[in-house]
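Q: So you can see what is in the structure, the chains are spelled out below.
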Amino acid sequence: MKKSILSMAIAMTLSATSASAADLVFKPGEDSRFHWENYEALKSTNLSGETISVFGPWMGDEKANFDRVIAYFEEATGAKVSYAGSDSFEQQIVIDAQAGSAPNVSVFPQPGLAADLAAKGFLTPLNDNVKDAVAKDYAAGQSWVDLATFKDSQGEKEFYGVFYRADLKSLVWYSPDNFADAGYDIPETMEELKALTKEIVADGGTPWCIGLGSGAATGWPATDWVEDMLLRTQPASVYDQWVTNEVKFDDPRIVGAIEEFGWFARNDEYVDGGAGAVSSTDFRDSPKGLFQSPPKCYLHRQASFIPAFFPEGTELGLDADFFYFPSYESKELGNPVLGAGTLVSITNDSKGARAFIDFIRSPIAHELWMAQTGFLSAHLGANPELYSSDAARKQGEILRYATTFRFDGSDLMPGKIGAGSFWTGMVDYTGGKEAKEVAKDIQKTWDALK
Amino acid sequence: MAQLASALAIMIMGVLGCAAYFYGSNFLLDKLFPTKNRPYEQIARNLRTANMVRPWLFLGPAVLLLTFYLFYPVIDSFRLSFFDRTGDGFVGLSNYVWLFGSDEFFESFRNNMLWLIVVPTAATFFGLIIATMTDRIWWGNIAKSLIFMPMAISFIGASVIWKFIYDFRSGDDAQIGLLNAIVVFFGGEPQNWITIPFWNNFFLMIILVWIQTGFAMVILSAALRGIPDETIEAAVLDGANGVQIFFKIMVPQIWGTIAVVWTTITILVLKVFDIVLAMTNGQWDTQVLANQMFDWMFRGGGDFGRGAVVAIVIMVLVIPIMIWNIKRANAEMEGR
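Those sequence lines, one after another, are chains V and U. Per my numbering, residue 1452 is the first one in the first sequence, and the count goes up by one each step. Per my numbering, residue 14 is the first one in the second sequence, and the count goes up by one each step.
Everything labelled a hint here was simulated from the structure, so no lab data went into it. It is possible that part of the hints are untrue.
[To be verified] Computed list of lysine-lysine pairs in DSS-like fashion (alpha-carbon distance at most 30 Å, straight line):
1. U:Lys284 / V:Lys1895
2. U:Lys284 / V:Lys1571
3. V:Lys1884 / U:Lys44
In this text the structure is predicted, and so the values were computed from the model without any measurement.
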């Protein structure tokens, strides 16, 4: 009797893992705009019986989209790929790596964190073929290679990952209907944006929705604001030096950028719920105010991924649209663009993991998500026609032809700053602490790291 | 589904494994020290040896596991606290120097002290009051079950529940948070409770008090039942009123139990982590030691040395309470 229960339980385990059959959303070979030859080439790699574990920050709809991409890899190679997402990825991956139970492949939202792990010897370097391919295939390819090149435990520089899915951060989202009803125009300069903010208040509305809440990562949306503001008030060289701490965090130029963010976020009249609500509103909930009737706010500055959190049925270009977060006309710094991306690296080497990286850097992997929603690619080989909407295509173009493009600074800083005291500092700042004090605290943490 | 099945399989295998170990070791003892068909003296000697070996055999796995999972980590944390962030380079006392110069540490230390004072006191106090009151009413057992129920909820689960109680919606939105709904009903301004510095610590503590009151109540209620009726009757005959009976007759008799309940909750509070992680992640000035340790150890690449230093501080704080608790428990046992 006991034996039969046991064997039943084991049988259940086995059947449950093999139950999920792959559903392919786009039929291979049907739409000629896809690079199906990449998919056909994959079939020569036989990985049947191999399991590849992938761990990353994507959850919900994003996970569903990624799972649909993975399905093609599984179908072609016979491997079983299990993707798990967590919104505490930053902590969990460190625990897993140190415990020796890291997934085969990890999707890092922050190159700084990947650099920390590489220095401890937890990442597997990729060979020069991959590196050369990335330099050739990506828009501004060398900069993407540099962003994924870290020192290993011996202090040697190695290349560690492929960027997959880029985010464009310098965007302001709005509802065209609400703008038309109120008779507002799209601001072309920062001066106009600030004037519009005041105008909306004068009309009795609330201009902005800002939410910094993100579970254990609360505070990060504010770091994007500060970075965008720094690029609009100082030359890009200051930004680069700030990221490496050659320009101190409590430098007046940085404090100035924080206060520029405060101009919007610390004014009770300018933000929905008042300044006090900024740090506790979840960033996934905050854009919803745009679409309520009457609107709770008219403007929302957030990266290109945010439509994933718009209310269901929101049509981009119709119900929601975006414009470039403008630069100051008076400063003559050009029109800088802030962006980011997720880095796919091997944290537990295997044949399958290598094959998966090869798949991720091929155009088809990018196209399969582009054709769904919420994906931008800097991969020049990926066919921009496949973007699911004009809005996405427009963003993709901004990304491809960016001149001053800077990667999210907090993601490049050491994890303890970029994924720690910078976040906490921004929460403190919106809570009423002075910008100077906050900057000093962050610099103190940075000094303590040295 | 896969997890469920494998969890079930592991549970069954675990239970079967334990049973197999029990029968197996008994069988082995019987084989090595036979007690049948032997001369009388040999049987007696064998019985004695078997009885001496048996407890070691049964306790063996537990002792081994404790060594691995308790003793080794303590020693290694202590060692790591003298090393740098990668755990490779020896840095002497510099992690300790850093710790005592860090504002973050003093913030968490202060908050931990607040937790230590408030939570055990409140939980024991409410537990005692409820235990006394529910002993006298006919629906006491129903009330007790309700109050004990939160004990069955994990800390994270409890935090999720309380997140809804403290939930805040801005402007004229309908308040889905219980507390704000009440405040608004009485004409007040909705507050964003968990972001109000200093006071938010207390809002988090309430969650643990809510969980632990049931534990205190059950233990204290058992102790109250153990008070001989004669002493109470004597007090009644002497003309003592309810309050006097409670404070002068009942409380002194269960003093030992109160102390045990108190210290047990104190040790639990020193380890408080999940609630803070789920509710605020240490932001808005609610950092506590365990969260600080976790942050340094695992956030942004991790820093073994600093994480270990905080761990050592927590351990140093726990030790005296544990020693006192064990002494106390030993004294109680001898008294019986």
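Q: Take a quick look at whether Lys284 of chain U and Lys1571 of chain V sit within 30 Å of each other, Cα to Cα.
A: Roughly 29 Å separates the two Cα atoms, so the pair holds.
Q: If you draw a straight line from the CA of Lys1884 of chain V to the CA of Lys44 of chain U, is it 30 Å or shorter?
A: Judged against 30 Å, a Cα distance of about 75 Å means the pair is violated.
Q: Between the alpha carbons of Lys284 of chain U and Lys1895 of chain V, is the straight-line distance 30 Å or under?
A: Status holds; Cα separation ~28 Å.
In terms of the numbered hints stated before, the structure departs from hint 3 and from no other.
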